[in-house]
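Participant: Fit chain P to the supplied structure of chain Z, relying on the hints for placement.
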Amino acid sequence: MTIDVQVVQDAPPEPGGSRPVDDQERRGGRSLLQSLRIDRFSGLYVLGLLIVLFSLLRPETFATVNNLKIVAAEAAITALITLGLTIALATDAFDISIGATMSWAIVFVAWLQSAHGINPVLAIALTLLSGVVIGLVNGFIVVKLHVTPIIATMGTSAVVTAIAFWRADGRSIVTGIPDSFKQVARADLFGIPITVIYLAVVVLVLLYLMEHTPRGRFMYATGGNEAAAKLAGIRIGQMQVVAFVISGTIAALAGILLTAKVGSSGINTGAPYLLPAFAGAFLGSTQIKRGRFNVLGSLLAVYLLATGVKGLQLIWPSAVWVKDLFTGLTLIVAVSVAARAAMKARD
Amino acid sequence: MATPQLQVRNLSKTFPGTRALRSVDLDIAPGEVHALVGANGSGKSTLIKILAGVHEPDAGASAEVRGEPFELGSVTAADRAGLRFVHQDTGLVHSLDATDNIALGRSFETRALGAIDWKRQRKVARDALAALGYHFDVRRPVGELRASERTGIAIARSLLGWEEQASLLVLDEPTASLPKPEVEALFDVVRRVRSMGVSVIYISHHLDEVFAVADRVTVLRDGEKVATRPVDGMTHDELVELMVGAVVERAGAKRPLEDRVPALSLEGVSGKVLESLDLTVHRGEIVGIAGITGSGRDEVAPIIFGGRERRGRITVDGKVLPPERPDLSVSAGVGLVPADRHGEGVILDMSVLENLTISNLRPYWQRFLYRHRGERSDAQGWIQRLSVKPRRLDPLVATLSGGNQQKVVIGKWLRIEPSVLLLDEPTQGVDIGSKAEIHALIDEAAEKGTAVVVCSSDESELERLCHRVVVLADGHVRAELGGGEIVASRLTQISLGGGQAVSAGSDPVPTGGANP
Numbered sequence: 001m002t003i004d005v006q007v008v009q010d011a012p013p014e015p016g017g018s019r020p021v022d023d024q025e026r027r028g029g030r031s032l033l034q035s036l037r038i039d040r041f042s043g044l045y046v047l048g049l050l051i052v053l054f055s056l057l058r059p060e061t062f063a064t065v066n067n068l069k070i071v072a073a074e075a076a077i078t079a080l081i082t083l084g085l086t087i088a089l090a091t092d093a094f095d096i097s098i099g100a101t102m103s104w105a106i107v108f109v110a111w112l113q114s115a116h117g118i119n120p121v122l123a124i125a126l127t128l129l130s131g132v133v134i135g136l137v138n139g140f141i142v143v144k145l146h147v148t149p150i151i152a153t154m155g156t157s158a159v160v161t162a163i164a165f166w167r168a169d170g171r172s173i174v175t176g177i178p179d180s181f182k183q184v185a186r187a188d189l190f191g192i193p194i195t196v197i198y199l200a201v202v203v204l205v206l207l208y209l210m211e212h213t214p215r216g217r218f219m220y221a222t223g224g225n226e227a228a229a230k231l232a233g234i235r236i237g238q239m240q241v242v243a244f245v246i247s248g249t250i251a252a253l254a255g256i257l258l259t260a261k262v263g264s265s266g267i268n269t270g271a272p273y274l275l276p277a278f279a280g281a282f283l284g285s286t287q288i289k290r291g292r293f294n295v296l297g298s299l300l301a302v303y304l305l306a307t308g309v310k311g312l313q314l315i316w317p318s319a320v321w322v323k324d325l326f327t328g329l330t331l332i333v334a335v336s337v338a339a340r341a342a343m344k345a346r347d
Numbered sequence: 001m002a003t004p005q006l007q008v009r010n011l012s013k014t015f016p017g018t019r020a021l022r023s024v025d026l027d028i029a030p031g032e033v034h035a036l037v038g039a040n041g042s043g044k045s046t047l048i049k050i051l052a053g054v055h056e057p058d059a060g061a062s063a064e065v066r067g068e069p070f071e072l073g074s075v076t077a078a079d080r081a082g083l084r085f086v087h088q089d090t091g092l093v094h095s096l097d098a099t100d101n102i103a104l105g106r107s108f109e110t111r112a113l114g115a116i117d118w119k120r121q122r123k124v125a126r127d128a129l130a131a132l133g134y135h136f137d138v139r140r141p142v143g144e145l146r147a148s149e150r151t152g153i154a155i156a157r158s159l160l161g162w163e164e165q166a167s168l169l170v171l172d173e174p175t176a177s178l179p180k181p182e183v184e185a186l187f188d189v190v191r192r193v194r195s196m197g198v199s200v201i202y203i204s205h206h207l208d209e210v211f212a213v214a215d216r217v218t219v220l221r222d223g224e225k226v227a228t229r230p231v232d233g234m235t236h237d238e239l240v241e242l243m244v245g246a247v248v249e250r251a252g253a254k255r256p257l258e259d260r261v262p263a264l265s266l267e268g269v270s271g272k273v274l275e276s277l278d279l280t281v282h283r284g285e286i287v288g289i290a291g292i293t294g295s296g297r298d299e300v301a302p303i304i305f306g307g308r309e310r311r312g313r314i315t316v317d318g319k320v321l322p323p324e325r326p327d328l329s330v331s332a333g334v335g336l337v338p339a340d341r342h343g344e345g346v347i348l349d350m351s352v353l354e355n356l357t358i359s360n361l362r363p364y365w366q367r368f369l370y371r372h373r374g375e376r377s378d379a380q381g382w383i384q385r386l387s388v389k390p391r392r393l394d395p396l397v398a399t400l401s402g403g404n405q406q407k408v409v410i411g412k413w414l415r416i417e418p419s420v421l422l423l424d425e426p427t428q429g430v431d432i433g434s435k436a437e438i439h440a441l442i443d444e445a446a447e448k449g450t451a452v453v454v455c456s457s458d459e460s461e462l463e464r465l466c467h468r469v470v471v472l473a474d475g476h477v478r479a480e481l482g483g484g485e486i487v488a489s490r491l492t493q494i495s496l497g498g499g500q501a502v503s504a505g506s507d508p509v510p511t512g513g514a515n516p
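First to last, the sequence lines map onto chains Z and P. Take the first sequence: its position 192, counted from the start at 1, is 192 in the working numbering, and no numbers get skipped. Take the second sequence: its position 217, counted from the start at 1, is 217 in the working numbering, and no numbers get skipped.
Read the hints as simulated data drawn from the structure, not as lab findings. Treat each hint with caution, since some may be false.
[To be verified] Below, in silico cross-link-like pairs of lysine to aspartate or glutamate (EDC-like), each with a Cα-Cα straight-line distance of 16 Å or less:
{"#": "1", "chain 1": "Z", "residue 1": "Lys289", "chain 2": "P", "residue 2": "Asp349"}
{"#": "2", "chain 1": "Z", "residue 1": "Lys261", "chain 2": "Z", "residue 2": "Asp179"}
{"#": "3", "chain 1": "Z", "residue 1": "Lys144", "chain 2": "P", "residue 2": "Glu324"}
{"#": "4", "chain 1": "Z", "residue 1": "Lys344", "chain 2": "P", "residue 2": "Asp172"}
{"#": "5", "chain 1": "P", "residue 1": "Lys254", "chain 2": "P", "residue 2": "Asp443"}
{"#": "6", "chain 1": "Z", "residue 1": "Lys230", "chain 2": "P", "residue 2": "Asp443"}
{"#": "7", "chain 1": "P", "residue 1": "Lys49", "chain 2": "P", "residue 2": "Asp79"}
{"#": "8", "chain 1": "Z", "residue 1": "Lys230", "chain 2": "P", "residue 2": "Glu164"}
{"#": "9", "chain 1": "Z", "residue 1": "Lys230", "chain 2": "P", "residue 2": "Glu309"}
{"#": "10", "chain 1": "Z", "residue 1": "Lys230", "chain 2": "P", "residue 2": "Glu324"}
{"#": "11", "chain 1": "Z", "residue 1": "Lys289", "chain 2": "P", "residue 2": "Glu324"}
{"#": "12", "chain 1": "P", "residue 1": "Lys119", "chain 2": "P", "residue 2": "Asp100"}
{"#": "13", "chain 1": "P", "residue 1": "Lys49", "chain 2": "P", "residue 2": "Glu71"}
Pulled out of the complex, with its shape left as it was, chain Z reads as follows (with noise of 0.2 Å):
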């Protein structure tokens, strides 16, 4: 190998020394409006109308430190499956298949447990692995088989969900799921959600993983420009690859948690987190981090679109479709604001 790094990273400082300063910094006193960074954040100030609108509405139900438990709480399984479709989207794995995955992770956590009396650690390192098999699986369609991303995942998700319903037989697994396998969902932590608590963890090694490792920015090299990226010498295949098997293994663990929340398994109720979680991450790549799906972005967009849900539901209670109405109509927004952004941002 020939590349001697110590000898780039003494580059000669330029005539003059002293680093140079950023344009906006050097003009001195920002305006209130830039300093308050809307381009960026914009999602955290809709927030924080929401809930004092909210608030306002519904002081009895909304304003409560039970209903920020159960919002948090509920949230948190979704924003989990969210984040780890935002690694793939990032990557450009266009990963369709995590409904699906999340389902087949639900009947076979209570299938093992219940049919096979096989202990709940067990049961649950078997379903994560069972997430990477699927996520290796869809790498290998689209790396190895040249199958676009968005076409390998839907035949994977239907295939998946194929195999979830005979394993389950059809049937929804209502016995035999241990008391303390139900617990793994429901306990509290210094009176926190332990879901809240999973997903913070997961968010922290997210966020270590593509802003502080070069194979995170490899990573999103691969989303950027696949072609640049492999003359660059990144093995693009490989991200793809482990892109998926995230995805794969976070939509595994959205559905062993939300089996043991709910304590028992229902067919395909994995399914309905497919909508939420691109509605988030294609929300999230307008935040924190503009014109690319990220982290903390995502999370941010989970728990407002979270939030906007459950205070139009306290104000309509009866009003089923308002989930789905709310997080649709976002998905359009999201995705044309990251459109235009992307076009200014280029010009």
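Facilitator: Showing chain P alone in chain Z's frame:
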């Protein structure tokens, strides 16, 4: 004399900074095939673009078509006057058949209620193709046809309704993507078009084709018309001389290398066009690859780097480079600046910083922590050195000018102090200021010991940069020049197959030769 089909007088065109055309006159006779030739940058494409209405000419130009005044620089006027253009990229939809592709140019034959009358439509397509001598099934997808048949469809489409309208057909490098045996088939078509009474302007780098098919030839050089002559009685060398002008001395020849340590060596390397290329490039040496389109020149850099299929053996610093593994090429110390900057060079939606450092992030990854600050200060140093403007790390590369984007791509590789740096058309579409800066960066890299390969269609760039230049033709080495022999006009001459007096091996090359 009969009224010319097309007459152009006093045509000039000034772009910011350059005079592309200087009071050019052009006369195209009725029913002739008129070749238009000239080296790169001679003004051929500007002339054609003005005829097509893409560019407007400078004031003072005038033109007539069949004796009627014709407004230059207007797409509608060109279409109304019956000027038809077929480019080397034929613009056909490969998944559709000939019938559809021909109809897409105009419109479909319809019956009542707007339904397509397929029977009539197919007849239109069949007749149009039969007039050119083609008799293949018009229902086959165009993608399955031979390349010359596709060109035929494009011509048929452009000439549809020629009886009333078409007066002049412009073929822009029609053979660039044609396999050799199919070129003759295209000539038949050109002759048939001529016999219809439509004049043809034929543009090609292949002078053999000019002699095979053209009646007269107009030569452009540096934006001026040098001559219009009948092809009969003219020799290949005479034509090349008209195109190239006098071969002058090279101004600043590079000093020969003192010690010659091989860094890159190719043995029997072949690709699609390239055949069995042998080449050794030494540390600190800049070797140029010249040749016209289709000579294999554009294959050299991607093939070495591993972006394309190849046969043969390539070693870098004595170690074998496996084919089609760009990642291993990078770790062996090879960098590629590709010709397609937007598609393969930069990641438009990532920042200047990220584009610069992507080639090697290892120095910033220590004990599981990412040294963001170290990365920034490194990158800051680099954009000063590369004089990237604006001098900021965070803007997306998409917001930079072409020249500055290219500096980022080059900087990405200079960072890793490569053993071998491959550059494909390094200054294409780059402003003059950036071009000089990029040339200086390439010189600097070589002085530090990098072996540099520059593939370029810009011969003056090769003259400016190279210790040695290899001229390719039809996938083979036609000549190798060194030192004072490297003069742009001479490179053009050899690329075009002229000037046998200076061909390879006529004198020993001082800076080292290709492997025997």
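Participant: None of the hints should be skipped; say for each whether it holds.
Facilitator: The hints, checked one at a time:
With a C-alpha separation of about 12 Å, the suggested pair Lys289 of chain Z and Asp349 of chain P falls inside the 16 Å cut-off, and the hint holds. This hinted pair checks out: Lys261 of chain Z and Asp179 of chain Z have alpha carbons roughly 11 Å apart, not beyond 16 Å. Restraint check for Lys144 of chain Z and Glu324 of chain P: the C-alpha separation of about 15 Å stays at or below 16 Å, so the hint holds. Restraint check: the Cα-Cα separation between Lys344 of chain Z and Asp172 of chain P comes to about 36 Å, which exceeds 16 Å; the hinted pair is violated.
Between Lys254 of chain P and Asp443 of chain P, the direct Cα distance comes to roughly 10 Å. Compliance with the 16 Å bound is thereby established for this hinted pair. Restraint check: the Cα-Cα separation between Lys230 of chain Z and Asp443 of chain P comes to about 26 Å, which exceeds 16 Å; the hinted pair is violated. Distance restraint check for Lys49 of chain P and Asp79 of chain P: the Cα-Cα separation of roughly 13 Å lies within the 16 Å cut-off, and the hinted pair is therefore satisfied. The straight-line distance between the Cα atoms of Lys230 of chain Z and Glu164 of chain P is roughly 52 Å, outside the 16 Å bound, and the hint therefore fails.
Straight-line distance between C-alpha atoms of Lys230 of chain Z and Glu309 of chain P comes to about 15 Å, which keeps the hinted pair within the 16 Å bound. A hinted pair counts as satisfied when its Cα atoms are at most 16 Å apart, and Lys230 of chain Z with Glu324 of chain P qualifies at roughly 11 Å. Restraint check for Lys289 of chain Z and Glu324 of chain P: the C-alpha separation of about 34 Å exceeds 16 Å, so the hint is violated. In summary, the hint linking Lys119 of chain P to Asp100 of chain P is supported, as the alpha carbons are separated by about 12 Å, within the 16 Å threshold.
Between Lys49 of chain P and Glu71 of chain P the CA atoms are separated by roughly 13 Å; this keeps the pair inside 16 Å, and the hint holds.
Hints 4, 6, 8, 11 from the list above are not met by this structure, while the remaining hints are.
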